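If you're matching them up, the sequences are chains W and Z in order.
Just so you know, the first sequence maps onto residues 0 to 191 in numbering that gives the first Met the number 0.
Just so you know, the second sequence maps onto residues 0 to 209 in numbering that gives the first Met the number 0.
The hints are simulated quantities; they were obtained by calculation from the structure and are not laboratory data.
Keep in mind that this is a model prediction, so the values were computed, not measured.
Glycine is no exception: its CB is placed at the ideal position from the N, C-alpha and C atoms.
Worth double-checking, as some hints may not be accurate.
[Unchecked claim] Beta-carbon label-pair distances, calculated as ranges:
#1 W/S132 <-> Z/A32: 37 to 45 Å
#2 W/S180 <-> Z/I106: 41 to 49 Å
#3 Z/D34 <-> W/T163: 50 to 58 Å
#4 Z/L136 <-> W/M156: 43 to 51 Å
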Amino acid sequence: MKTACHACGVVLSIEDDNGYKMVCPQCSTVLYGRNINMFYALMFSITSLLFMLPAMLFPFLEIQIQGNRISATLFESAKVLNDDGLRLAALIVICTAFLFPLIYMTFTAYLSFDSIVEFTMPLSDQTAKVVESMKHWQMIDVFIIGILVSVVKLVGMADISLGTGFYMLGCECFFMILAGSYYESRQFWFKR
Amino acid sequence: MKVDSSGSKDKWVNDIEFGGLLCTDCKTLIISASDEADCPECGSHNIRRKKNSLSRTWALTLASLFLYIPANILPIMDVQIMGQSSKSTILGGVIELFNYEMYFICIVVFVASFVVPVFKICSLMYLLITVNRKSLLNNKQKTKLFSLVELIGKWSMLDVYVVAVMAGLINLGFLLKTTGGYGLIFFASVVVLTMLASHSFDTRLIWDEG
Ligand SMILES: [Zn+2]
Ligand SMILES: [Zn+2]
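Using the sequences and the hints, build the whole thing.
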């Protein structure tokens with residue numbers, strides 16, 4: 000099969016597809032990933048999705064100030080931003096920390112399933128393109144570091160502790176990275 | 000997997016010289032004389048190079064450069080204690096952390112919200128100016144620089160999340176209240192625009208001759 004490097008355009012031929020890492024000889028960009036296994040991608044993306052709902056519903060931080068016990072979830076935080084007149088910031092937070100990861104993992108699961116089974120699922124071509132862009136726009140990992148920075152900022156001020164939601168977010172993120180590392184869109188197109 | 004180029008070791012042949020274009024979906028090299036073609040393998044429509052890549056990237060980079068000014072001047076967070084408000088900008092927040100001797104977190108926030116956006120905007124402008132010109136960095140290093148820009152892209156969103164978390168949590172009415180400032184909108188827009196700018200840049204233009 001003849002192909003070209005997406006980063007520099009050099010023409011290459013691949014003899015067979017045995018799943019090894021392939022590096023462009025001209026610009027050393029990694030062209031195809033490491034261990035590709037669509038079954039693992041399916042399992043890990045479903046696991047990640049299972050953690051997603053509790054991650055959003057349980058508070059990620061709990062704080063005690065002067066006898067008041069306050070906790071926050073992602074939706075509550077976004078709502079406060081929205082009420083302060085920062086609708087655009089609220090929208091960006093909700094999209095990058097909830098909506099995009101949700102779409103990313105749902106579609107990864109869908110396409111992994113598609114490449115395992117014999118038949119072709121509806122709309123899989125369009126879905127495959129969305130997955131590639133959602134990969135860049137999901138920011139669960141940044142959100143997690145953001146929570147930790149807030150904890151450090153508040154630690155002298157109040158009695159603060161990480162909530163259940165934080166650990167759920169951690170698991171969601173961990174399995175999302177795992178699923179992403181086993182998934183390769185080329186695998187899905189090869190079936191055609 | 001054996002990889003061999005169609006040319007000799009010294010001179011690689013690129014898709015234009017070969018008379019083909021890459022299908023971005025299934026990675027097949029489509030043989031076509033024109034700049035646009037449908038892939039015979041998967042049917043998706045492809046163009047040889049990203050459309051108006053340079054002008055689009057210039058526009059988005061310059062837009063983020065202009066928005067970066069209000070993002071730094073306007074406050075991103077406002078902490079009100081007993082009705083007394085103290086606003087802080089991005090760099091103001093960093094200085095505050097330094098004064099509280101939280102050095103580690105100070106460096107993290109400084110890198111994510113100041114170094115990364117500045118580095119991204121400067122790198123993109125450097126790549127745009129030197130795209131097919133001889134420069135300090137060779138083509139391989141420029142491609143590496145670009146992938147670094149793409150990799151760190153989303154991390155400058157850190158401060159936006161920090162403000163969101165603080166505003167959601169520290170909300171005790173008159174006693175103690177944290178709200179986001181308008182600088183936050185500009186700052187989030189800068190991050191989004193620089194990410195869009197890097198996505199519209201086509202690194203193959205660095206390697207194309209002429
Ligand atoms: Zn290459
Ligand atoms: Zn194709």
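- Query: Per the hint of 50 to 58 Å, is the separation of the Cβ atoms of Z/D34 and W/T163 within bounds?
  - Reply: Holds, since Z/D34 and W/T163 (Cβ atoms, about 54 Å apart) stay within the stated range.
- Item | Consistency of beta-carbon spacing, Z/I106 to W/S180, with hint 41 to 49 Å | violated (29 Å)
- Message: Quick check: does the Cβ-Cβ distance between W/S132 and Z/A32 fall within 37 to 45 Å?
- Response: Violated: the Cβ-Cβ distance is about 29 Å, outside 37 to 45 Å.
- Message: I want to verify a distance hint. Is the separation of the beta carbons of Z/L136 and W/M156 within 43 to 51 Å?
- Response: For Z/L136 and W/M156 the Cβ distance comes to about 46 Å; the hint holds.
Of the numbered hints given earlier, the model fails hints 1 and 2; all others are met.
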